[in-house]
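*Asks:* Sequence:
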Amino acid sequence: MKVSDFDFDLPQELIAQHPLEPRDAARLLHIGESLSDFTVKDLPGLLNPGDIMVFNNTKVIPSRLTGKRGEATVEVTLHKQENDSNWWAFARPAKRLRPGDELIFGEDFGCQVEDKRDGGEVLLSFGGGLSTLMAGLDHYGYMPLPPYIKRDKGGSAEDRTDYQTLYAERDGAVAAPTAGLHFTDELMATLDRNSIEKVFVTLHVGAGTFLPVKVEDTDEHVMHAEWGELDQAIADKINGVREAGGNVVPVGSTSLRLLETAADAEGVLHPFTGETDIFITPGYTFKITDKMVTNFHLPKSTLFMLIASLAGTERVKAAYAHAIAENYRFFSYGDACLIEGVQ
Numbered sequence: 001m002k003v004s005d006f007d008f009d010l011p012q013e014l015i016a017q018h019p020l021e022p023r024d025a026a027r028l029l030h031i032g033e034s035l036s037d038f039t040v041k042d043l044p045g046l047l048n049p050g051d052i053m054v055f056n057n058t059k060v061i062p063s064r065l066t067g068k069r070g071e072a073t074v075e076v077t078l079h080k081q082e083n084d085s086n087w088w089a090f091a092r093p094a095k096r097l098r099p100g101d102e103l104i105f106g107e108d109f110g111c112q113v114e115d116k117r118d119g120g121e122v123l124l125s126f127g128g129g130l131s132t133l134m135a136g137l138d139h140y141g142y143m144p145l146p147p148y149i150k151r152d153k154g155g156s157a158e159d160r161t162d163y164q165t166l167y168a169e170r171d172g173a174v175a176a177p178t179a180g181l182h183f184t185d186e187l188m189a190t191l192d193r194n195s196i197e198k199v200f201v202t203l204h205v206g207a208g209t210f211l212p213v214k215v216e217d218t219d220e221h222v223m224h225a226e227w228g229e230l231d232q233a234i235a236d237k238i239n240g241v242r243e244a245g246g247n248v249v250p251v252g253s254t255s256l257r258l259l260e261t262a263a264d265a266e267g268v269l270h271p272f273t274g275e276t277d278i279f280i281t282p283g284y285t286f287k288i289t290d291k292m293v294t295n296f297h298l299p300k301s302t303l304f305m306l307i308a309s310l311a312g313t314e315r316v317k318a319a320y321a322h323a324i325a326e327n328y329r330f331f332s333y334g335d336a337c338l339i340e341g342v343q
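Residue numbers in the sequence shown follow the working numbering, run continuously in steps of one, and reach 343 at the last position.
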């Protein structure tokens, strides 16, 4: 398929720069047989008792750093963990970086360049192990907001909490699972009262989620890999809901991609630990997903292709046209959709 098939015009003023408060005050477009406008607070009433929602409990680390290589200023964004001490990162400027270079981010926090790839990617080695690294990031790092959210250098203090889900637990993401940003304690309690099940899986969202698709045909795109984990108890619970006739409703594309990776062709979910690079485009047969909650995505992105696969390309394009006409807020800090699968 042509990547251009997934393009649309988006007014720049609809790109949300800050979240709403409270979080569940965001709008919710229900994409079913017709289009209906709600707020996220209405979500529990749009699901059925016995359905199960699958949340991604990854936690965004403040993975963006500004430091020095000698007298030169260097910015790096960690994006993929190699081991407890080494991370691949995007560096700027990267042209003059060489293996062996020392980067200093604070008087007690720095790293060494171990390796280098084309495209500004470097492997950084931090001494002291994972706990030392996380302490250094907490002190010197700032949140790796996507490029369409504009901030002064160093970001804002509010983004430390705004760009994190209520239930974030496992350090490792360098981008938020943004559909989950809408959930509040009150909304979670309402789901419980409505007998809607909740489970938590982990998929550490990587910076590749923001990379543009640079090819003209989807068959030529190489999908980025992300590490995820889903255990036997979670698999058993989701399988039990399906057997009882309930719907499986992932919250966000990250939860969905992990579920579809871990499910077999018969729709039975199995434990999974490892990397997934699943790339879902129209024509894909969903194995376990019935509905999903997600935000509004970028034109020609792999995320837009994914929701087109679930709901049908023309139906999604019509929904996005409606959202634009009704001034919905787009992208990470924007509004949400509840999408009913067509399969």
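Think of the hints as simulated: they come from the structure by calculation, not from any bench. Built from N, CA and C at the ideal position, the CB exists for glycine as well. Heads up, a few of these hints could be off.
[Unchecked claim] Think about it this way: if two alpha-carbon atoms lie no more than 20 angstroms apart in a straight line, the pair counts; the simulated DMTMM-like pairs of lysine to aspartate or glutamate are:
1) Lys287 - Glu243
2) Lys116 - Glu102
3) Lys68 - Asp138
4) Lys59 - Glu158
[Claimed, not checked] Listed next, with one range per pair, are the computed distances between beta-carbon atoms:
5) Ala72 - Gly267: 38 to 46 angstroms
6) Gly32 - Arg98: 28 to 36 angstroms
7) Arg170 - Gly120: 34 to 42 angstroms
8) Arg96 - Ala25: 26 to 34 angstroms
9) Ala72 - Ala325: 45 to 53 angstroms
10) Ser36 - Glu71: 21 to 29 angstroms
*Asks:* Go through the numbered hints given earlier and state which of them the structure violates, listing their numbers in rising order.
*Replies:* As far as the earlier hints go, 5, 6, 7, 8 and 10 are violated by this structure, in ascending order.
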